[in-house]
Amino acid sequence: MSGTSTTGTTGTTGILITGIGTALPGVEGPSDLLRAAGLPRDPAAPAVDPAALIGKRGLRYKDRASQLALCAARAALLDAGLLDGEAAADGALTVPGTSVAVVVSSNLGNLDTVCEVADGIRAEGVTGISPMGLPNASSNVIASSVAIRHGLRGPNLMVCNGATSGVDAVHWGAAMLRAGRAQRALVIGVETHNRQVEWLLGRPAGELLDGAVALLLERAPAAAGRGAAGIAALGPYAREAGVEECVRRLLTASGGRPGSWYVPEGHRDASPAALSGVARTDLTERFGSASGALGVLQCATAARGLALPPAGEPGTALVTSGTDRDDASAGMVLLAVEASA
Amino acid sequence: MSTHSPAEDRPELVFTGIGAVASVGGSADEIFSALCAGRSGLAELRSFDRDRYRVRHAYEIDDRPPSGEDEPGRATRWLLAAIEEAVRDAGLGEELAEVPILIGTGLRELRSAELGWRDGADFDAGRLHFGTALRERFGAVRTHTFSNACSASLYALAMGSDLLLSGETDTVVVAGVDTLTESMYGLLDRVHMEPPEQLRPFDRDRRGVLMGEGAAAVVLRRADAATDSGTGTGSAAPVRGRLRSVAVNCDAYHVTAPDPGGIAEAVRAAHREAGVKPEDIDLVMLHGTGTLLNDEAEATAVGEVFGPHVSRPLMTAVKSMTGHTSGGSGLLSLIVALQALEGGRVPPVVGLRQPVPEAEKFRLVRDEQQLAEPALAQVDAFGFGGVNAVAVVERAAL
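So the protein sequences, as listed, match chains H and R.
Sequential numbering of the first sequence, starting at 1, is according to UniProt numbering.
Sequential numbering of the second sequence, starting at 1, is according to UniProt numbering.
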């Protein structure tokens, strides 16, 4: 098949990360990400309080995942300079709402609503359940809630793609921009924990992320047009049968070893040999198992690292999610803005 | 969307395979025959304990074990069946390691999660999305599950067409699937004023939506690749139709209620990207959920965009016979559109007695199939959260 030899990698230029937002326990904001990522897990870190971050208005009836996503979304829009005035309740968008797409990744976001409603029907029949649960029964409620809050009328996509979902979401955000469907894409990764999530994953809450991270992706000309600087640029993406294949394909596509490697959960000491000696970071050691949020968290952290003054390291970072036990491994290369220029 | 590249100088995209499963039939052809005959999949609720609901009807696929007990994994089963049919139709073979497979779904395998959580059925987190099953069945790894409510499969089609247009690949499989979940069925029941006994799109006496089950799949290729088949067999599969555009947007208005303005903008964008005018459209596959608000909003938006030409195209709404197959419904409508363009007949809207005022001027196909020779069709799909997707498809060159 002609053309399919490059199917798994997408040579990309001109997509920048121009804003990062966090709603993570023990992290004060994007500038705190790298410091926090280097610390051991802090079980005493207080949970994110959405009402304290963005006010109570509009949070009633929103599930926890949507609330966390709204916090990270607002922070990323502010960081990118797309909200006019922090003092305003939500701030007015400084660009047309139709120019901004939303892509959210979460695997477990509305599992609690689904299971609780099924329980409620068993216990009391359908008249015993609250109709206010209806929006949350649809898995895309997180993405639409973010769009509604900020008037983002571009394409709106909910990615629920398993262990690789976060990296995949960044890829789809970039793909929309390359296709000309929008000028900017707000990409959010979010997961939470509750009884239902603990049951499905077979893991206690203490091992799981309760938080959200957001990236504002922007076409380079659109960023330049409003005088916005890039934090990092997106490189090629791949989704392959395993970590080894994924890394190999991305190294070929990007033409060299990265300065740092953000590994899939629990993969710090595993192969591939091609990356021996490259600094490895497993963000789940610090933030807990992050499922659909991991890839976005990795990209945000990697981008902040690339934005630091150069220290002689190559200005690229490799991000990978999904191990050989998952249905696939996906990855992306991020580039320092100078290196991509 | 306003910046999405115009129709000129784009590579041509063609459908080379279709497949579907629904309450009314186990293959795309069976479904089309049933729909043209006006045969509905409506039946009394089988999945759940009827006594716990006010609504007692649905359009289910009747494939549970003889005991009648529900079982996990049914959505996955239909999805695989629809894809098998589509790739067979396209002559692709079943080794799909290099082919991106994009799935649009409203409810993923959340029915299996309900059965696992509440009844202890065997289910694990790796099967909530469809990548695990697609890898096992087809060796596929470039798989993507999008959970985009009731426009999910047309959203997936939009993403798939972008992959083809970027030159990144020459073939994609796009599919949609959904099963009834107790949580969604129950919550919809809870918000009906009176329980509907039938899904009656655009009828003044409609009472609301009823869920349906099904899956739909297409193989979409760049025409330049499809002509040399690319399968290594040297025999090109017949082209089932052409994709002219898929426009997607978001109302950013309400988590469940639609906004006619956002819908109208999606329809206009689909026309613009396809390089067509409202008067060029011969057939409109309406989303038509039978919901009080949705039908009104869709009819208002279509009326506004088509203006003086609103009585020209034939219009139909297959949910009157399939029920609302949620995330898979857009692609199911699109497959029916391809078959109508190919076969020269359009299935009717059943159960329609008196259209809503907003649709009074629509040329709705009523009661019986209509023979026609449409060349260009518009396919609507709108979902919770105001996620709108509209496609324009064209008959294959004769």
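Don't read these hints as lab results, they were simulated from the structure.
Quantities reported herein were computed from a predicted structural model and do not represent experimental measurements.
From the three backbone atoms N, C-alpha and C, an ideal C-beta is built for every residue, glycine too.
There's no promise every hint is true.
What the hints assert, rightly or not - If you want the footprint, here are the derived chain H segments under chain R, 3+ residues with CB under 8 angstroms:
(1) 233-245
(2) 324-332
Claimed, not checked - Which bits of chain R does chain H cover? Going by a derived footprint, with three or more residues having C-beta under 8 angstroms, they are:
(3) 16-23
(4) 134-145
(5) 243-255
(6) 295-307
Evaluated hints:
1. With 3 residues carrying a beta carbon less than 8 angstroms from a beta carbon of chain R, the segment 233-245 of chain H meets the three-residue requirement, and the given coverage holds.
2. Counting residues of the segment 324-332 of chain H whose beta-carbon sits less than 8 angstroms from any beta-carbon of chain R gives 3, enough to reach three: the coverage restraint holds.
3. Interface restraint, the segment 16-23 of chain R with chain H: violated (0 residues with C-beta to C-beta distance below 8 angstroms; minimum three).
4. Counting residues of the segment 134-145 of chain R whose C-beta lies closer than 8 angstroms to any C-beta of chain H gives 7; at least three are required, and the coverage claim holds.
5. Only residues whose beta carbon comes within less than 8 angstroms of a beta carbon in chain H count, and the segment 243-255 of chain R has 8; three or more means the coverage holds.
6. Counting residues of the segment 295-307 of chain R whose beta carbon lies closer than 8 angstroms to any beta carbon of chain H gives 0, which falls short of the minimum of three for the stated coverage.
Checked against the numbered hints above, the structure breaks hints 3, 6 and satisfies the rest.
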